[in-house]
Amino acid sequence: MADAKKLAEQLKKLNELRGPVPQELRDRVAAQNKAQKAILDALKEGPKTAPELAAAAGLPEDRALWYLVGLRKYGKISDVAGRGDYPKYELKAGEAK
Amino acid sequence: MRELEKIEVDTLVVGSGIAGLQAALDLADQGYSVAIVEKAPSIGGKMISLSKVFPTLDCASCITTPRMASVSHHPRIKTLTYSTVDAIKREGKTFTASVTRKPRYIDEKECISCKRCEEVCPVYLPDEYEQGLGAKKTISIPFTNAIPQLPVMHPEHCIRCGACARACPKDCIEFLQEPAPVEIKAKAVILATGYETTPMTAKKQYGLGKLPNVISPMAAERLLAPHGPYGRVLRPSDGMVPGSIAYVQCAGSRDKSIGVPYCSRVCCMYAIKQAILLSGSLPIADITIYYMDIRAFGKGYEQFYNNARAMGINFVKAKVARITEDEKHNPILRIERQEGDSAPAEVKHELVVLSQGLLPGCDVSKFNLGAGLNDFGFVQLSDETVSSAVTAGAGVFAAGVVKGPRDIPDSVVDAGSAAMEAASYIRKL
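So the protein sequences, as listed, match chains A and B.
FYI, in numbering that gives the first Met the number 0 the residues of the first sequence are 0 to 96.
FYI, in numbering that gives the first Met the number 0 the residues of the second sequence are 0 to 428.
Fair warning: there could be bad hints in the mix.
[As the list claims (entries may be wrong)] Below, simulated SDA-like cross-link-like pairs (lysine to any residue); rule was C-alpha separation at most 20 Å, straight line:
| # | chain 1 | residue 1 | chain 2 | residue 2 |
| --- | --- | --- | --- | --- |
| 1 | A | Lys11 | B | Arg159 |
| 2 | B | Lys427 | B | Asp28 |
| 3 | B | Lys169 | A | Val20 |
| 4 | B | Lys255 | B | Leu207 |
| 5 | B | Lys38 | B | Asp28 |
| 6 | A | Lys36 | B | Asn373 |
| 7 | B | Lys169 | A | Lys36 |
| 8 | A | Lys75 | B | Lys427 |
| 9 | A | Lys36 | A | Ala92 |
Rather than coming from a laboratory, the hints here were simulated on the basis of the structure.
The model shown is predicted, which means the values in this text are computed figures rather than measured ones.
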């Protein structure tokens with residue numbers, strides 16, 4: 000693990016070199032966190048499809064799908080087996096409950 | 000800048016796609032030392048991201064990964080990834096290449112590829128390996144079977160929270176890392192810089208990349224790959240399983256209006272291959288290929304095409320004039336049939352793949368090595384009837400698509416020929 004003091008120094012120097020973290024990036028990460036939380040919250044009610052999650056989280060459908068696949072890749076949610084035009088997703092056991 | 004690293008080898012190979020890998024291996028196995036330089040964070044080129052290959056339907060990574068592993072472990076091959084060749088100078092009988100190792104912002108020697116930095120990183124961004132369909136983190140290992148298994152940090156997406164550094168058990172995050180210069184001296188150079196597909200923005204009639212369900216063939220490869228972004232075939236606009244899929248052939252070649260009048264040689268076959276794979280994963284889907292003419296010229300290709308027809312894939316001889324979409328993002332193709340009733344018609348599909356052509360991956364004329372280019376930016380051979388690798392520049396050889404569009408078997412054969420020509424050139428020095 001990094002030494003806390005050394006890390007703080009590195010990050011401080013980085014801020015001096017590159018200037019502050021751009022507001023645009025901060026806004027993007029804030030929007031990401033909000034969207035992911037909304038998706039995970041909606042999934043607490045049970046398995047849902049991408050358009051259902053988009054509606055619940057107030058996101059465009061393609062954005063909802065992109066967030067979904069990110070959460071799926073990093074192990075927060077998983078596919079529900081079954082047929083149908085729109086596959087369903089569910090919370091992975093132990094995640095965000 | 001870090002301290003200058005000096006490497007001296009017999010041959011420099013630029014590019015580590017299947018052609019570069021094969022050329023490097025063939026040379027190293029004959030006893031020559033090789034340095035292979037790759038701009039991406041992993042070796043493997045385009046081929047490692049493909050699902051399967053035509054006409055055998057062998058899994059692409061099953062063919063590529065053993066070669067990637069052999070190259071990275073070979074005692075006579077030095078692999079430089081995430082590095083750019085900035086210049087190559089000819090000095091008498093040797094070449095001196097100036098290479099820059101781009102910073103990964105980690106200590107490459109200490110990293111144990113545990114992925115803890117990636118797990119804790121809070122920022123998601125589009126994963127270019129998945130053609131933007133999937134997500135990755137600001138610090139992440141490029142893909143599952145990447146070699147080397149080292150994460151790359153993208154500082155422009157970093158919020159400097161320090162989570163990665165706190166999670167790293169080896170203390171190897173280096174936020175302040177700088178590019179490192181490398182000097183490579185070699186007796187011969189093999190150019191294997193491959194291709195890029197014609198961009199989605201090439202043709203305004205096809206939506207300029209703004210229609211979410213009109214995708215590139217590389218994106219379709221990822222949809223079909225077992226570890227692809229969705230884990231199954233879905234369309235990007237809403238995650239629906241597409242019931243009707245169309246391929247638009249010659250969407251990036253044989254088209255003077257976009258400056259690509261040549262045939263890209265692989266699009267007919269990859270479209271047929273993807274259509275066969277799609278009908279395997281989506282048995283009830285309608286799959287249509289709109290084509291000018293099908294060019295199935297290699298060994299077993301005609302049979303592959305006939306098999307696709309027999310499987311029920313629709314081949315429609317028609318030119319697609321325009322693609323628009325309805326309110327549900329279903330692409331609408333305006334087509335003119337070339338057979339039978341030739342009246343224009345509008346056809347709706349749920350997912351469309353543009354069969355893009357191949358453009359040169361790199362303008363190698365910037366290296367000034369004496370190797371000429373043809374009108375389209377591909378390397379010209381000095382005499383194609385004598386050798387498939389010798390260029391007009393002494394000691395400069397070409398392998399794979401850098402010479403013009405060709406498929407994987409041809410690229411592999413070519414690479415062997417480039418290695419042989421380079422070896423014989425070095426022996427005579």
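Hint-by-hint comparison with the structure:
1. A:Lys11 / B:Arg159: holds (9 Å)
2. B:Lys427 / B:Asp28: Distance ~19 Å between B:Lys427 and B:Asp28 Cα, so the pair holds.
3. B:Lys169 / A:Val20: Since the Cα atoms of B:Lys169 and A:Val20 sit roughly 26 Å apart, the hinted pair is violated (cutoff 20 Å).
4. B:Lys255 / B:Leu207: holds (17 Å)
5. B:Lys38 / B:Asp28: Answer violated: B:Lys38 to B:Asp28 is near 24 Å, above 20 Å.
6. A:Lys36 / B:Asn373: Roughly 54 Å separates the two Cα atoms, so the pair is violated.
7. B:Lys169 / A:Lys36: violated (31 Å)
8. A:Lys75 / B:Lys427: The hint is violated at about 60 Å.
9. A:Lys36 / A:Ala92: holds (16 Å)
Of the numbered hints listed earlier, those contradicted by the structure are 3, 5, 6, 7, 8.
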